[in-house]
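**Student:** The residues making up each chain are set out below.
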Amino acid sequence: MRDAFTRALMREAAENPQLTLITGDLGFGVLKPFWETYPNQFINAGIAEQSMTGMAAGLALTGRTVLTYSIGNFPTLRCLEQIRNDCAYHGAAVKIVCVGGGFVYGSLGMSHHATEDIAILRALPGVTVFTPGDPAEVEAVVPVMLRTPGTCYLRLGRGGEPNVHPGPVQGWILSEPLTLRHGTDVALLSAGGILTQTAEAADLLAARGISAEVVSFPCVKPIDDEKTAEIIARFRHVVTVEEHNIVGGFGSAICEIAAGSGTGCRIHRIGMMDKYSAIVGTQQYLRSQYGMDAKAIAERTEAWLRGE
Amino acid sequence: MTAVSYTELTHAGFSPAGPDTADPRVLAWLIRRHGLEMTHLSRGSHIGAIFSVAEIIAVLYTKVLRIRPDDPKWPERDRLILSKGHAGAAVYAALAERGFFPVEELKTHYANGSRLSGHVSHKGIPGVEMSTGSLGHGLSVAVGMALGAKRDGAAWRTYCVLGDGECDEGSVWEAALQARQFGLDRLTAVVDHNRMQSLDFCENTLALEPFADKWRAFGWHVIEADGHDTDALAAAFAEADAVRDRPSVIIAKTVKGKGVSFMENNILWHYRTPQGEEYEAALLELEGQRP
Numbered sequence: 003m004r005d006a007f008t009r010a011l012m013r014e015a016a017e018n019p020q021l022t023l024i025t026g027d028l029g030f031g032v033l034k035p036f037w038e039t040y041p042n043q044f045i046n047a048g049i050a051e052q053s054m055t056g057m058a059a060g061l062a063l064t065g066r067t068v069l070t071y072s073i074g075n076f077p078t079l080r081c082l083e084q085i086r087n088d089c090a091y092h093g094a095a096v097k098i099v100c101v102g103g104g105f106v107y108g109s110l111g112m113s114h115h116a117t118e119d120i121a122i123l124r125a126l127p128g129v130t131v132f133t134p135g136d137p138a139e140v141e142a143v144v145p146v147m148l149r150t151p152g153t154c155y156l157r158l159g160r161g162g163e164p165n166v167h168p169g170p171v172q173g174w175i176l177s178e179p180l181t182l183r184h185g186t187d188v189a190l191l192s193a194g195g196i197l198t199q200t201a202e203a204a205d206l207l208a209a210r211g212i213s214a215e216v217v218s219f220p221c222v223k224p225i226d227d228e229k230t231a232e233i234i235a236r237f238r239h240v241v242t243v244e245e246h247n248i249v250g251g252f253g254s255a256i257c258e259i260a261a262g263s264g265t266g267c268r269i270h271r272i273g274m275m276d277k278y279s280a281i282v283g284t285q286q287y288l289r290s291q292y293g294m295d296a297k298a299i300a301e302r303t304e305a306w307l308r309g310e
Numbered sequence: 007m008t009a010v011s012y013t014e015l016t017h018a019g020f021s022p023a024g025p026d027t028a029d030p031r032v033l034a035w036l037i038r039r040h041g042l043e044m045t046h047l048s049r050g051s052h053i054g055a056i057f058s059v060a061e062i063i064a065v066l067y068t069k070v071l072r073i074r075p076d077d078p079k080w081p082e083r084d085r086l087i088l089s090k091g092h093a094g095a096a097v098y099a100a101l102a103e104r105g106f107f108p109v110e111e112l113k114t115h116y117a118n119g120s121r122l123s124g125h126v127s128h129k130g131i132p133g134v135e136m137s138t139g140s141l142g143h144g145l146s147v148a149v150g151m152a153l154g155a156k157r158d159g160a161a162w163r164t165y166c167v168l169g170d171g172e173c174d175e176g177s178v179w180e181a182a183l184q185a186r187q188f189g190l191d192r193l194t195a196v197v198d199h200n201r202m203q204s205l206d207f208c209e210n211t212l213a214l215e216p217f218a219d220k221w222r223a224f225g226w227h228v229i230e231a232d233g234h235d236t237d238a239l240a241a242a243f244a245e246a247d248a249v250r251d252r253p254s255v256i257i258a259k260t261v262k263g264k265g266v267s268f269m270e271n272n273i274l275w276h277y278r279t280p281q282g283e284e285y286e287a288a289l290l291e292l293e294g295q296r297p
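Taken in sequence, the protein lines are chains A and B. For the first sequence, the working numbering assigns the number 3 to the initial residue and increments by one for each residue that follows. For the second sequence, the working numbering assigns the number 7 to the initial residue and increments by one for each residue that follows.
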């Protein structure tokens, strides 16, 4: 996803000389092509996320579209009030980019696990929240984000993820959920890089005779309420999957829509069960430990369908 | 008996043509007069900070800022951020007196449905660049503006007024590092150095001295000036304008509550609202200082 982001950004920077990328001293090997090609559109703010974010607001108020870039919780939680007061309240065109949503930096420890960011950023009025599921979605999301007014948050995974979509995602519009697979027994709704696990879980369920629909949400705020309500109204069981706390994040957003639409379906949320991860291991290891790898998603879904 | 309007009340004693608000001493006096009346009417706080920053704001709005009241979004305007947003009444008063909006509106400060919040707001108010209130934000945004202007080759300057207590915030020093790194010579910070913060003197809270040396060590051009002497402040701004390759900071030595004897250097007047005999006594003292 990181490389898809850089590719998409490079294309945009070529067309828009006012597009400016600020890093909080991170991105070696990811952003290098950008700073070598567009040195006048690049700034290293140093290890100073609060001032980086305020600076981004100031730059945006001079007519620029400004991206801030860092990893994990650094571009969000460390400077949350600057995002709220300086960026969002002023309608500043600041696009906050996080590499490492969820357990990407698994072995590095809890400080590097971004597992509350969706909930927290989603709670800020005026902030659009993007959670692409694979590199193809990243390439579709970046141009939309750069044309979305005001402050946005882009939650990326890592480098080297496979594509789940069979080809490029074309004509994506803001807030639209993307159906990857149609099904009849259960809907698996997924936000972010966990999409690989969600899609694989659908394969495992199919092998056991369960037909699962897979829908990816590259944007969790705003969500297309109408389309989402239509999807969940077709099922008795809906499972939400996110590499994130179950409190306030993507699953909560789906529950809000379901409750408001009066559907009778049951929503089961897969994610961190309101705790911090304290286990050492790779992203995939942590997913399995916290019950959100493909196997766990399939097993838990099957149990819910059996009424357990 | 006819009711006296807010404008008539606060402009009483000036010639029928109205006060000469292009004179920084007149504007500073009016900032205090409005600061007293606004905090009195609203039962509002922060009169000490408003009085402390009065000359700094007055000199900016008369001698320094290139701005157009009839075109507040003029692209080539200088930008001012009041990072110590709790002194917002001083900026509101200056903007109103300089023609950005009617003086009469100042009476709505803090009121239900008003545009004029206690901490300075940009929403719907011509001439305010940025809403503040949480300390330690303004200088970073000012760095972004100044960097944008530099990259655009624009001539306009960015000004940021901070409190000294505000310099407890780490983000101020992040921004100080960045401003030096990016060589932002069209950025001028002004610290309203009244030596007091919310609960006590700065030196008893988180000691800032040697304060000027700290800014020098961060690579800034430092100018120390009497923050209540309008000529000295104007000269300080002119000196900052001439500096190349680095940002400038004016450390303006001020007195919290300046202008009313019982408010000066008295921590009580960070929050206390002027009412009753205290309001009358303050008004009398201000009358005695009329320029």
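Among the hints, a few may not be true.
Here are the simulated DSBU-like cross-link-like pairs (lysine-lysine), alpha carbons at most 30 Å apart as the crow flies [to be verified]:
1. B:K79 with B:K156
2. A:K223 with B:K129
3. A:K297 with A:K223
4. B:K129 with B:K113
5. B:K220 with B:K79
6. A:K34 with B:K156
Now the stretches of chain A that chain B is said to cover, found in silico as 3 or more residues with beta-carbon under 8 Å [said to hold, decoys possible]:
7. 43 to 50
8. 83 to 89
Partial list, computed: chain B residues near chain A (C-beta under 7 Å) [stated by the list, open to error]:
9. H143
10. S146
11. E180
12. Q184
Source of the hints: derived by calculation from the structure; they are not laboratory data. On a predicted model such as this, the values are computed, not experimentally measured, just so you know. Here a beta-carbon is modelled for each residue, glycine too, at the ideal position from N, C-alpha and C.
**Student:** Take the hints in turn and mark each one as holding or not.
**Tutor:** Structure-based check of each hint:
1. With a CA separation close to 19 Å, the supplied pair K79 of chain B and K156 of chain B stays within the 30 Å bound.
2. Straight-line distance between C-alpha atoms of K223 of chain A and K129 of chain B comes to about 24 Å, which keeps the hinted pair within the 30 Å bound.
3. Using a Cα cut-off of 30 Å, the hinted pair K297 of chain A and K223 of chain A holds, with the two alpha carbons roughly 29 Å apart.
4. Note on K129 of chain B and K113 of chain B: the hinted pairing holds, with a Cα-Cα distance of about 18 Å set against a maximum of 30 Å.
5. The suggested pairing of K220 of chain B with K79 of chain B is violated, with an alpha-carbon distance near 35 Å, which exceeds 30 Å.
6. The hinted pair formed by K34 of chain A and K156 of chain B meets the criterion: a straight-line CA distance of about 24 Å does not exceed 30 Å.
7. Remark: the segment 43 to 50 of chain A is confirmed as covered by chain B, as 4 of its residues place a Cβ nearer than 8 Å to a Cβ of that chain, reaching the required three.
8. For the segment 83 to 89 of chain A, the proposed coverage by chain B is satisfied: 4 residues have a C-beta within less than 8 Å of a C-beta in that chain, meeting the threshold of three.
9. About 6 Å separates the beta-carbon of H143 of chain B from the nearest beta-carbon of chain A, less than 7 Å, and the hint is met.
10. For S146 of chain B, the suggested interface contact is upheld, since its CB lies about 3 Å from the closest CB of chain A, less than 7 Å.
11. Evaluation of the E180 of chain B hint against chain A yields a held restraint, the C-beta minimum of about 4 Å falling below 7 Å.
12. For Q184 of chain B, the interface hint holds, since its Cβ comes within 7 Å of a Cβ in chain A; the closest pair sits about 6 Å apart.
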